[in-house]
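One line per chain: the protein sequences are A and B, in this order. Okay, so the first sequence: first residue is 30 according to the working numbering, each after it adds one. Okay, so the second sequence: first residue is 30 according to the working numbering, each after it adds one.
To be clear, the hints were calculated from the coordinates, so they are not data collected in a lab. Misleading hints may appear alongside valid ones.
Any copy, or any two copies together, can satisfy a pair, since identical chains are not distinguished.
SDA-like, lysine to any residue: derived pairs with alpha carbons at most 20 Å apart [what the hints assert, rightly or not]:
no.	residue 1	residue 2
1	K338	R191
2	K338	G245
3	K338	H266
4	K338	G265
5	K104	P237
6	K294	E373
7	K104	H296
Below, each chain spelled out in residue letters.
2 protein chains.
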Amino acid sequence: MSAPHDCAVVLQNLSLSELTALLEKIFLRHGTSTDVARVLAQNCAGAERDGAHSHGVFRIPGYVSTLQSGWVNGKAVPVVEDVASGFVRVDAGNGFAQPALAAARDLLVQKARSAGIAVLAIRNSHHFAALWPDVEPFAYEGLVALSVVNSMTCVVPHGADRPLFGTNPIAFAAPRADGDPIVFDLATSAIAHGDVQIAARNGERLPPGMGVDGLGQPTQDPKAILEGGALLPFGGHKGSALSMMVELLAAALTGGNFSFEFDWKNHPGAKTPWTGQLLIVIDPSKAAGQSFAERSQELVRQMHGVGLKRLPGDRRHHQRAKSQDQGIALDEQTLANLRALAGEN
Amino acid sequence: MSAPHDCAVVLQNLSLSELTALLEKIFLRHGTSTDVARVLAQNCAGAERDGAHSHGVFRIPGYVSTLQSGWVNGKAVPVVEDVASGFVRVDAGNGFAQPALAAARDLLVQKARSAGIAVLAIRNSHHFAALWPDVEPFAYEGLVALSVVNSMTCVVPHGADRPLFGTNPIAFAAPRADGDPIVFDLATSAIAHGDVQIAARNGERLPPGMGVDGLGQPTQDPKAILEGGALLPFGGHKGSALSMMVELLAAALTGGNFSFEFDWKNHPGAKTPWTGQLLIVIDPSKAAGQSFAERSQELVRQMHGVGLKRLPGDRRHHQRAKSQDQGIALDEQTLANLRALAGEN
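If we strip away everything but chain A, and leave its shape as in the complex, we get:
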């Protein structure tokens, strides 16, 4: 099935399971275990399905490159440690963060439901995906989840003159009674790294205030940011403080690397930050009063009442429904590239 596009790009529509199977084949062919291939393929295909293009199949060449470089262990088996009634640790073994979360997930949920709150501290891990897929599933189970992950030096702390922090996103998910969960995922940089890469690829300029060039001067050229320049934090000193908090929670509190601590120069092609990730999961049934999901629904109702058209997460949930109906549209060239990486032609 194909559809004409206004600039003559031919689109092909794949189902989620077709895209997942294709990506799984790519991961397997580039040295991951079957478990890791399945987790990463589901994650990446889900992002593409939800219209989160900067973390969809756009990321596949980066995954392939980093696996080929020997920088990350695609066959790592995460080691889960049960530390306390509310504390789980995982050593991801220099593998990806998502399989580490998958390995610890059941224990984490069990602890959150029993203790009321639980924390998962993942270290020695590589996170190269969006962060919202890590928190959203908890909200579908009635839990509130918060996660932070640090990345790689590319953000200048507010008041400093050289980069130190990563883009260091914060993601949050909460259930609500009459609809999809409330979910957001925000980089503490003024713009996500993937969006700078996409702007550079498309030859677009960025809005002011996003980054600086190699001399530390403000620039709107995405290439100047990527080639020796750096990003700025969002919201001045406040976003910078939150980015610092992410370093402390995702690295210092997990035993992982800070964004400035790893050195991949002996692994040309390495793309994935080797850091840590923290998740906090809370069971809102322990709270006093009316059910949390009814209360969050009331907040949503009032937000619409003051003129808010779209909630955080709405666009993705809308695109998800559309993709489930019509399939996930990929242009022919992108699909051909993916098939080549999967060894299909």
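Since chain A is already given, all that's left is putting chain B on it; use the hints.
Structure of chain B alone, referenced to chain A:
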């Protein structure tokens, strides 16, 4: 002891214990219990000592006014509920939030050290102070603490056209090896409400982007914001998402009111938001690897290395040391007003 000032204001220096005793007398004289008077006086005098003037003695007339209005119960006895191995609730009984935290604090610390993480959900409470004094003491005990509190409708959600959220601050504290803790306290509004009040009092204009007037139009006049206008979130949609998260955590997850749910029109003079507060405390000794305090010290070292002159919290810690040395300077008129409220003249 008095010192001349460049605009001929005469300053008087008080010790922390002198100022605390004076404020305690004011609270007692306006209907609080001795426990509540002690907790609030220590909190407010500590803020003044640390140079956090918008939450120091500047707040005393507001406290007096709200107590006189009958809106808050100055003699409330908090009821602590031990809900699960990581979950403590407190019904503040329509009293202040700080005595509720004080009542639950030992249990919260005990649970955090045992479970690795614990949450304190305070509801039916009034928070009229800075948020950093609630988290900083945990860091001096080697713990990591995060707190959020919602306030009263005065912030327009990004993309909406009328106010709904409160200024909804987020505070964070973490220990470090060779110095005072890393502490920040940031309103998710573009500016704190107290700072707008101080600008209005001083006849100053605000920077652009802080708020709107009663017609929803951008304004730099603090009075236009206070009289029918509203604040904006910091950092556009990202700050707005964080403010929404604060509503969910501080109200929906505690059983407290959202910022838009209370109505004080039958209590002229009421100033304090009747909402909820959430604290999360984590024991970093459960983390893998090198000690957390050594790791956070390394982050601070690197932040200074990229040219950062001042860490979040540094200014307060510097002012604290100065106040301990020289006393807390108050102008004569302010001191006379406080003494009058204490019934001393």
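request  = Pop the pair K338 and G245 into one bin, within, between, both or neither, using alpha-carbon distances up to 20 Å.
outcome  = This pair counts as between: shortest inter-copy Cα distance 17 Å, intra-copy 38 Å.
Same-copy or cross-copy closeness of K338 to R191 [CA-CA at most 20 Å] = between (39 Å within a copy, 12 Å between copies)
query = How do K338 and G265 come out at 20 Å by Cα distance, when the copy is not named: within, between, both, or neither?
reply = This pair counts as between: shortest inter-copy Cα distance 15 Å, intra-copy 27 Å.
message = When Cα atoms must be at most 20 Å apart, do K104 and P237 count as within-copy, between-copy, both, or neither?
response = Answer is neither; intra-copy 42 Å and inter-copy 53 Å both fail.
task = At 20 Å max between alpha carbons, let me know whether K294 reaches E373 within a copy, between copies, both or neither.
result = Neither way: K294 and E373 sit 32 Å apart in one copy and 71 Å across, limit 20 Å.
message = At most 20 Å between alpha carbons: which applies to K104 and H296, within, between, both or neither?
response = Result: close within a single copy only, 18 Å intra versus 65 Å inter.
ask   = Quick one: K338 to H266, C-alpha cut-off 20 Å, is that within a copy, between copies, both, or neither?
value = between (29 Å within a copy, 13 Å between copies)
When the structure is compared with the earlier hints, violations turn up for hints 5 and 6 and for no others.
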